[in-house]
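Undergrad: Residue numbers (the working numbering), protein chains in the order written: chain A, 1 to 337; chain B, 1 to 358; chain C, 1 to 117.
Source of the hints: derived by calculation from the structure; they are not laboratory data. One thing to keep in mind: the hints can contain errors.
Short derived list, chain A residues pointing at chain B, Cβ under 8 angstroms [stated by the list, open to error]:
id	residue
1	Thr227
2	Asp229
3	Leu243
The beta carbon of each residue, even a glycine, is placed where N, CA and C say it ideally should be.
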Amino acid sequence: MIGGGAAGLEASSALASLGFRVVLVEKEDETGGHIKNWHALFPNRRPGTEVLQALRSKLSKEVELFSGKTVTEIKQVQGRFEVGSADGWKAEADAVLLTTGFSLFNASKKEEYGYGIYDNVITSADLESAFSAGKITMKNGEQPKRIGFVHCVGSRDEKAGNIYCSKVCCVTAVKQAIEVKQFLPECEVFCFYMDMRMFGRHYEELYKEAQEKYYIQFIRGRLSESTEDHTGKIILKVEDTLLGKPLKIGVDMLVLMVGMESPDITRKLGSELGLLNDSDRFLVSADQHISANVSEIPGLFFAGTCTGPKNIADTLADARSAALAIAGYFENNSNRS
Amino acid sequence: MKHEGKKLVWQEYQKEIADDHFFYARSCIRQTFFPGSEKVFTKILKDELGKDVYDSEHHTSCTGIGYHADAVPFETTMTVVARQFALMTEAGYENYAASCITSFGLYTEILETWHHFPEVEAKAREFLFKATGREFKIPKNLAHASDIIYKFRHEIAEKAKYRLVDKNTGKPLRVVEHIGCHYSKMFPHKGVGGAEYPYVLTGMIEAWGGEVIDYPERRHCCGFGFRQYIVQANRGYSIACSKKKFDSMEPYEPDMIITNCPGCPMFLDRWQYALSEMEGKTYGKNGNGIPVFTYEEVAGLVLGYDPWEIGLQVHQVPAEPLLDKIGIEYDPGSKFKGPNGEDLGHPEAPSYLKFYKE
Amino acid sequence: MAGTVEKVRFGFSVNKDRQIDYDANLKDIADIVLKAEPTINLCISCGTCASTCTAGQFTDFSLRKMILLVRRGETKGLENEISKCMLCGKCQLACPRGVSTRNLILQIHKALKTGAL
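Assemble the whole structure, with the sequences as input and the hints as a guide.
TA: Quick look at the structure:
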């Protein structure tokens, strides 16, 4: 199991309960992946720690966990797999499940948005950390009176190199907008969107709640550029597309909804193994509908966001499905270790 | 504002700028609006830095102004540009230095087109040969004149007599830098610093002691546009663009504006006069405007060239308040005197914009 | 040193800026109307109201646009706009979010008569 995030934890638990010996290797010192950074999860804003606890406590003692190890190579040796890390750690296995997850788009690549240049331009990940820390403040320590959210940063964007939609950012923006209002009821909140992709259960209701209960305003128009004015306010230029006119608005803080990308390590391992990846650089399974967890290589499987953006619920379901696929594989090959 | 963030962006956009042996293509209109600028450029390169700059009397307008005004078709413009390259090749040069920013954008556009569509390049060669019997080589290096001054900004700083500093307070001057649209908006990697935070003028200003102002409408076009400006009835559109920029930079109280395009300083300078007549508003303090300069004029000023020798008397927004601020020595009485000291008369004073005649 | 030239005839004047300056616009009408009819917050600009609108068939009245203009503070000519509405109620029938569209018109009318401007 390469990767100890949501998918890795869940698949490990599922495989262990089916009687398999699982070696779980995770690059960070703690398991949990990105959930560690999520203060609250959509749609009902339940604490991220609850889900993280549940996943960790499910993990039986039989699962051999190696943390703080970054896998740098996977080799196929006489029908088995050899997995190795940079510092010399090695393991052998009859099957490998890649649960290497996602990385977030580097917002500094959108130069015109000013991340890393203007003081109060942050990403959704930065904001989630602020929620966890219990306060939202501007660089100068003051509380913002108006916050803007920009959807689709690094997604649906040819210039950023990602033409795909990252699926979960819209609902994340709505969730974060509501959380901002809960922290700072007097703060005005604007979301600048191209589309509102509220695809999941209760997502549309969350959008309605954001408008009705929290007076969050949604303006359809993609941010073209942001600049700082002489007071430090961030001046935004969007088109109010539904009115057909350019709109200029100043905000105290700007939150960029950065999309999911396939991490460098996944692409590196994938190319060394000869695994297919798509133009979106996520790994390609044998069949998107029928065998989504199966790769081109017998014994090598995928689960979670390494095959594309997903929310946590779908990631966990995918992990369980991968465990089942692996069980089926061993059943067919009658080869257990 | 985190300056380091901008530095990271600038590092992404570095370009090759030739060191010496330039074929210099002058601008159609700069000599009229800012007569000293091209003179200063050649003087700095030849006399101060000892470089070889070839000034040809045979080159023509690149016809960019006609191309952008829909008056000249692309094939014609391309052939004229091919002729310019042919003159460069015949004179034995490989490094092309364009004085005008639209020219620079046009040459870049044509070279990119030829790079991606070799059949179009072949056509250009055919047209040129049939029309003039000339042949050309593609320039090894294409730079805008501001790229070259940028490249030698530290050498200029070393020889400088003055710095862009307020002599009374010791504080750096607050400088607005305005980049011509055709410099990097089309091909960000062909401009120093890219399109979002161009560095070519910022680098000069920083090297010469000034402080650059980042104001919200920094990226906005000055409104020159060719098609917009040429027809009188459309000029309201052009002047509105410059006004948007002035309104945006005003709260920062800039001391000066520097640009690297022929049209931009003309607009930013002359429109301040027009706006003052139309609306009674001036953007500097005490009825002054914000003086506008080309980068060559600024290079000349810091090197200690005489303001009237480099043509500052034709600026509609007077440069005197800034010259005094820097502490540049000049003779106010010589402003409207000819080369032999004869009195040339002087323009009428505007209604609102402060006027200096001696 | 005032000049002595005659007023210059330039032959053109400065074009008006059409950009919506959100911070410069007054939101008085928006505040009053949104408080009086909070369901307006639910609008997602789907345009169902405008497509079924009686007035919209023969004038350029669009309730969808009107809600946006009010919220942006672009209230020039608002009295004239709402006079086109027949109060027939087709929009209210059609709205998928349950916005009380008819009341919006009445509240704008009230705000303009008694309100801040």
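Undergrad: Against each hint, give a clear statement of whether it holds in the structure.
TA: Against the structure, the hints come out as follows:
no.: 1; hint: Thr227; in the structure: holds (4 angstroms)
no.: 2; hint: Asp229; in the structure: holds (5 angstroms)
no.: 3; hint: Leu243; in the structure: violated (20 angstroms)
Of the numbered hints listed earlier, the single one contradicted by the structure is hint 3.
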